[in-house]
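Asks: The residues making up each chain are set out below.
2 protein chains.
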Amino acid sequence: MTDNQTQFSVTPINKVRVSKRANYDKETVHAILDEGLIAQVGFVQDDQPFVLPMAYGRIGDQLYIHGAKATRMLKQLKLGLPICINVTLVDGLVVGRSAFHHSMNFRSVNIHGTARLVEDEKEKYDALVAITDHLAPGRWDETRETTQKEINATTVIALTIEQAAAKIRTGMPIDDEADYALDHWAGIVPITTAFGPAIDDTRLKEGIPVAESIRKLTSRR
Amino acid sequence: MTDNQTQFSVTPINKVRVSKRANYDKETVHAILDEGLIAQVGFVQDDQPFVLPMAYGRIGDQLYIHGAKATRMLKQLKLGLPICINVTLVDGLVVGRSAFHHSMNFRSVNIHGTARLVEDEKEKYDALVAITDHLAPGRWDETRETTQKEINATTVIALTIEQAAAKIRTGMPIDDEADYALDHWAGIVPITTAFGPAIDDTRLKEGIPVAESIRKLTSRR
Chain H
1 MTDNQTQFSV TPINKVRVSK RANYDKETVH AILDEGLIAQ VGFVQDDQPF VLPMAYGRIG
61 DQLYIHGAKA TRMLKQLKLG LPICINVTLV DGLVVGRSAF HHSMNFRSVN IHGTARLVED
121 EKEKYDALVA ITDHLAPGRW DETRETTQKE INATTVIALT IEQAAAKIRT GMPIDDEADY
181 ALDHWAGIVP ITTAFGPAID DTRLKEGIPV AESIRKLTSR R
Chain S
1 MTDNQTQFSV TPINKVRVSK RANYDKETVH AILDEGLIAQ VGFVQDDQPF VLPMAYGRIG
61 DQLYIHGAKA TRMLKQLKLG LPICINVTLV DGLVVGRSAF HHSMNFRSVN IHGTARLVED
121 EKEKYDALVA ITDHLAPGRW DETRETTQKE INATTVIALT IEQAAAKIRT GMPIDDEADY
181 ALDHWAGIVP ITTAFGPAID DTRLKEGIPV AESIRKLTSR R
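Chains H and S supply the protein sequences, listed in that same order.
Going by my numbering, the first residue of the first sequence is number 1, and it counts up by one from there.
Going by my numbering, the first residue of the second sequence is number 1, and it counts up by one from there.
Excised from the complex, chain H in its bound form (with noise of 0.2 angstroms):
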């Protein structure tokens, strides 16, 4: 796949069984990315599945997690281990007049890869950053200077977004015909998130104003 392509390739691994809520293209994978809250990362050890949420930050191809040294997953994932990462935003409940055609209107992304162990200094600051900046862009440059040794306590771990697709389910509860006749209500319950508004730090410094980072985030519908 060259860089220049708009649409991930479709394989046997990241193809999407439903083919009408499948999307490859990079924008919408990269959108939804950078609107999820909190990426859920699975991997493989002595054969058994685990599945942990996490923190998590983009960089164009490029997706980042990070954690505490001792954490058992980034020890695993140190040595090259493959990884799935799902990112999902529910939408709404999608009510039909079955209990059959009920659903979920949401926009998931699911990438597979193997995890690398980022090492080089300058993209292991460039990955803090993003991922501190995930949720409130500008929030990196308003703290307090990190530190060599906060950097050289965290472990960060990339994965390239290229074995990944996009899932979506948009739209009305799809009856069977004969159902659209009958008295069952039937329709959408949208489900939306909502940040702040922002509360101070009860140990805050009389006067400090909330972050300018902050108050673009709670200020956004």
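Possibly wrong hints are sitting among the right ones.
Which copy is meant is left open, because identical chains are indistinguishable; a pair holds if it fits in one copy or across any two.
Claimed, not checked - Simulated crosslink set (BS3-like; lysine-lysine; CA at most 25 angstroms straight-line): (1) 15 with 69; (2) 167 with 75; (3) 20 with 149; (4) 78 with 124; (5) 167 with 26; (6) 15 with 78.
None of these hints come from the bench; they were simulated from the model.
Put chain S on the given structure of chain H with help from the hints.
Replies: For chain S alone, kept in the frame of chain H given last:
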């Protein structure tokens, strides 16, 4: 573990590394599962980890997921594979004075076990009711009666909630003691999930009011 215990046993599989965030109370685990929107289901196929978001329902110590018979995952899970399920509610951003002490407030449950195909007709029916009623209790009874054909077309998988643990973070950032004197803003940004208002299906028959279960869901704070 006997049934009347209120706590899950702590094992190498479900032990949470940071003990102050660990919670093994059954009641706590069940409450998080009952509030969650989707389960992230992890399994292994050809040494590759897979993580897929799914609707779910709970009855006692059984967690149920379902899907079309054709779904790759369900075909695998029917074979009695090891499975890991994570349900996470994100409650807020934790904004420290240093990037290093940024975090998230969340309530999360991890369950490990072996997938079990639900073959008993009564259990399968009850599981489908539980999944349909998960977010909108009472919805099943409001729908057009489910047919045997629909039930036959659906695969239901159960997981026993036993190797389970909750991981919870609440409250303000824990900054370095020296940093509390600095002029950086710190605090938390609550994240809330809201349902509704409900939107009628574009093909809804005239004069049908929003269903009771949905009205209850959307009037919740």
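Asks: Each hint: holds or not?
Replies: Hints versus structure:
| no. | hint | in the structure |
| --- | --- | --- |
| 1 | 15 with 69 | between (34 angstroms within a copy, 18 angstroms between copies) |
| 2 | 167 with 75 | between (30 angstroms within a copy, 20 angstroms between copies) |
| 3 | 20 with 149 | between (49 angstroms within a copy, 24 angstroms between copies) |
| 4 | 78 with 124 | within (14 angstroms within a copy, 41 angstroms between copies) |
| 5 | 167 with 26 | within (12 angstroms within a copy, 33 angstroms between copies) |
| 6 | 15 with 78 | between (27 angstroms within a copy, 21 angstroms between copies) |
Hint compliance for this structure: no hint is broken.
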